[in-house]
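Trainee: Residues per chain are reported as follows:
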Amino acid sequence: MLLSANPLEGLEQQIVFGIASGSIYASLALALVLIYRAMEAINFAQGEMATFSTFIAWMLMTTFQWSFWITFPLVVVLSFVGGVALERVVIRPVERAPILTMILVTLGLFSIFNGLSGLIWGYTIRTFPSPFPVSPISLGGVAIGFQDLGLIGVSLLLLFLIYLFFSRTKLGLMMRASALYPQSSRLLGVRVGWMLALGWGLSAAVGAVSGMMVAPVLSLDPNLMQSVLLFAFTAAVLGGIENPFGAVIGGIVVGVLLALVGTYVPHAEDLRLVFGFIVIVLVLLFRPAGLVGRAHVTRV
Amino acid sequence: MHSLLKPGPALWLFLLLLAAIAPLYVLGRFPTLEWAYVWALLIGMIGINILTGYCGQISLGNSAFMAIGGYTTAILIYRAGWNYLLTIPVAGVLASVGGVLLGIPALRLRGIYLATATFALAISAPSVIRHFDQLSGGSQGISIPPAEDPFGLVSSQSLTSEQWLYYMALVIAAALFLFSRALLSTHVGRAFRAIRESETAAVANGVSLAYYKTLAFAISAFYAGVAGSLYAINTAYVSPDSFNVGLSLALVVGAVIGGLGTGIGPILGAAFTVWSPTYTQILFNTKPDIAFGVLLILVMYTMPSGIAGGVYRLWAWYRRQRAAGRPKSGEEGTVQVGKVASPPEVSGPGP
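Protein sequence lines, in the order shown, are assigned to chains A and B. Just so you know, this note's numbering puts 40 at position 40 of the first sequence, and the rest follows in order with no gaps. Quick note, this note's numbering runs 1000 ahead of the 1-based positions in the second sequence.
The hints are simulated quantities; they were obtained by calculation from the structure and are not laboratory data. None of the hints are false.
Below, a sample of chain B positions facing chain A; criterion: calculated Cβ distance under 10 Å: (1) Ala-1106; (2) Tyr-1113; (3) Leu-1114; (4) His-1131; (5) Val-1253; (6) Leu-1260.
Glycine included, each C-beta is placed from N, C-alpha and C at the ideal position.
Please put together the full structure from these sequences, using the hints given.
Mentor: Laid out in structure tokens, this is it:
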């Protein structure tokens, strides 16, 4: 499983491992949050789309021998375009459809992308090159790999960029407006449909980053992101499903908790996924708005 | 009114008769076995139809209940030497206990949150099975002896073993189908539909949400448990990956394609599985597939109320054409996919 730490190592070490793996969940949770904010839907295909992007990156790097640093931005851009196109073509007809329709359509995408990855690249497990050096550095007696630092850095950077985008750019403001008040926004000349497409594009791009960060740690196969998706759900729910900060905090909390459970509860390796399920249920029961979200009042 | 959707007893009897003689004259050995799976799946889809189609609660986690059913049967046969026929009701009951346990937290979840939580259940179920490998045989799974019929029909060569599996599944599916029809025509069915249409209105009219929602989960899980049990008996083998999230999708998609909230929906959904070869492959491999996804999306675009809803609309249109001008007779609509769940709470302050 993901980043299973050596149980003999100390608490600090476990926490570092936890934060690093939590950053992965956080990055995919950010992708989920972006779509939720745009249209109050959950994209069940988020993980499979990220896997698909990661396979494209893998192909560029192995078949065409491109370097990671050229491949990475290219794949992010490609994923963005793909996400926009997907919204325009597939999601558009059901944009205003009821919740179950939306869920089923994204589950359909889940099937399609999983099948495509398997069809094009096969079910063999591949190694994905890591952009970070392997040697760890020591900080106060705790060994931290560059890999781990890289993961943490990338998700914090993503969060920062998303924050800047939504709070400092006109486009970000238009996206927020069209999510909250689609009709008023339309009256003011915001093209609401395209804002949704933009949300899907951003989300696909963030998912691609997440996939390319996970793949060196876990190995690449068409089911790469399924367990990650579950923990990303957990992270998003824990943080409050519409809050990017919450998603990152949730991801890191989930990562640390998983590392601790893995260390101190015997034979818990197989039960990690159930742990995700239990956390989701508990949070939804006792604090449905999540750790940092605001509760909503419904008028009936 | 007589249409495909409001079939009288005659039509049901005809369908049943057709199903009963098909393996004797029409179906080969392998298709017979495939149809035995279809009947098992039909039971699972009836469960989804009760929960989602009538009570309005989404569950992507019914593969976990099928797992409970399948493993109950396999473990009772393999470790306790039970007769497999006796394990089927036990499988259903144990699964419905699981349904009650899920139903309790699900009382407070709606729409997308319920979908997420049950999806998480489906994803994590195989790993739980693997964890308790002392009992479940871990990733290896459990092989059980092929089912022998108690009447000696197979050994006397009156039936092939596939035909025995077929008839057993058909009889159980028919009985459970009748039970669901009967149940849904009582006050329980009315309470489910009231909850589906509006929880607030249902409560205001004295329907206990806690009781009826938990009941819907329990019944749905019972059906899934029996389906899982039959699946195990048909395959003579269970493994953790037989009950993954793909199976949950197959159940939901079948029920939706057939038409939620209609009696005939699950039957159309199950029959559909045979006409779609990739779908059958999913049953055997439980692996998501491209064609499956494309099909699902296309159905959502064109027939959001499923085949039954589509046929009904066509029929209603035809009647309107014929009786243009005359007042419409009281028609009871089928459920659009949309009607089955209330949208998530409105976010942000109201205008």
